[in-house]
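> Quick mapping for you: the protein sequence lines, in order, are chains W and R. Start counting the first sequence at 6; every next residue gets the next number (the working numbering). Start counting the second sequence at 14; every next residue gets the next number (the working numbering).
I should point out that these hints are in silico values taken from the structure, not numbers from a laboratory. Be aware that one or more of the hints could be misleading.
Claimed, not checked - Simulated crosslink set (DSS-like; lysine-lysine; CA at most 27 Å straight-line):
{"hint": "1", "chain 1": "W", "residue 1": "LYS83", "chain 2": "R", "residue 2": "LYS113"}
{"hint": "2", "chain 1": "W", "residue 1": "LYS73", "chain 2": "R", "residue 2": "LYS113"}
{"hint": "3", "chain 1": "R", "residue 1": "LYS39", "chain 2": "R", "residue 2": "LYS82"}
{"hint": "4", "chain 1": "W", "residue 1": "LYS73", "chain 2": "W", "residue 2": "LYS29"}
{"hint": "5", "chain 1": "W", "residue 1": "LYS29", "chain 2": "R", "residue 2": "LYS113"}
The primary structure of each chain is shown beneath.
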Amino acid sequence: DAGVIQSPRHEVTEMGQEVTLRCKPISGHDYLFWYRQTMMRGLELLIYFNNNVPIDDSGMPEDRFSAKMPNASFSTLKIQPSEPRDSAVYFCASSDRLVGQYFGPGTRLTVT
Amino acid sequence: SQQGEEDPQALSIQEGENATMNCSYKTSINNLQWYRQNSGRGLVHLILIRSNEREKHSGRLRVTLDTSKKSSSLLITASRAADTASYFCATRSLIQGAQKLVFGQGTRLTINP
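Can you build the whole structure from these sequences, using the hints too?
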């Protein structure tokens, strides 16, 4: 298995633009998680899905953030409009609940 | 705020020495997990210890869990330069069905050759 795949790996955009981050979880995993990592706040859980259904989105910072999982093999995290304080590394992870979570390589987002 | 708090925040030792990192948490847990993150990479799951377990081994890793003190430790024996990374503990809630993990701030481990 290729592991969790995220794209793009790097994204530089201007304030106010829409940003879409993509994730393909490991086949057979029924949980998908989106995290954000910054030096100041560490690793924060934004939202997680079970069988494509959002279970807990309490970590989503604002209405500018939205996440979807239209099928078992694809999820997106969208920021609209983006702001400089959204600059961070965004990780997607998947799990089959039996063991730990498998993380993707992350998307480094820079909003100027 | 983060559930898990790692201690120390940074640790620098010589290759071949043992490295011990500690984690404390606040609420009742189902399990506790340790992850490693190399610079610029995603986190990698190392080991999971359930709330009814006290100690677990995996290769050069040894994890202990003391639920009465709400603390865990990760020991890496015979450290290698490749062990240089940040190490995070993460706790899973006791709430049935809850799958979310709460991560600590991490310990940055440097192994000097």
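> Work down the list of hints and note, for each, if the structure agrees.
Consistency of the hints with the structure:
no. : hint                 : result
1   : LYS83(W) / LYS113(R) : holds, 21 Å
2   : LYS73(W) / LYS113(R) : holds, 18 Å
3   : LYS39(R) / LYS82(R)  : holds, 9 Å
4   : LYS73(W) / LYS29(W)  : holds, 12 Å
5   : LYS29(W) / LYS113(R) : holds, 19 Å
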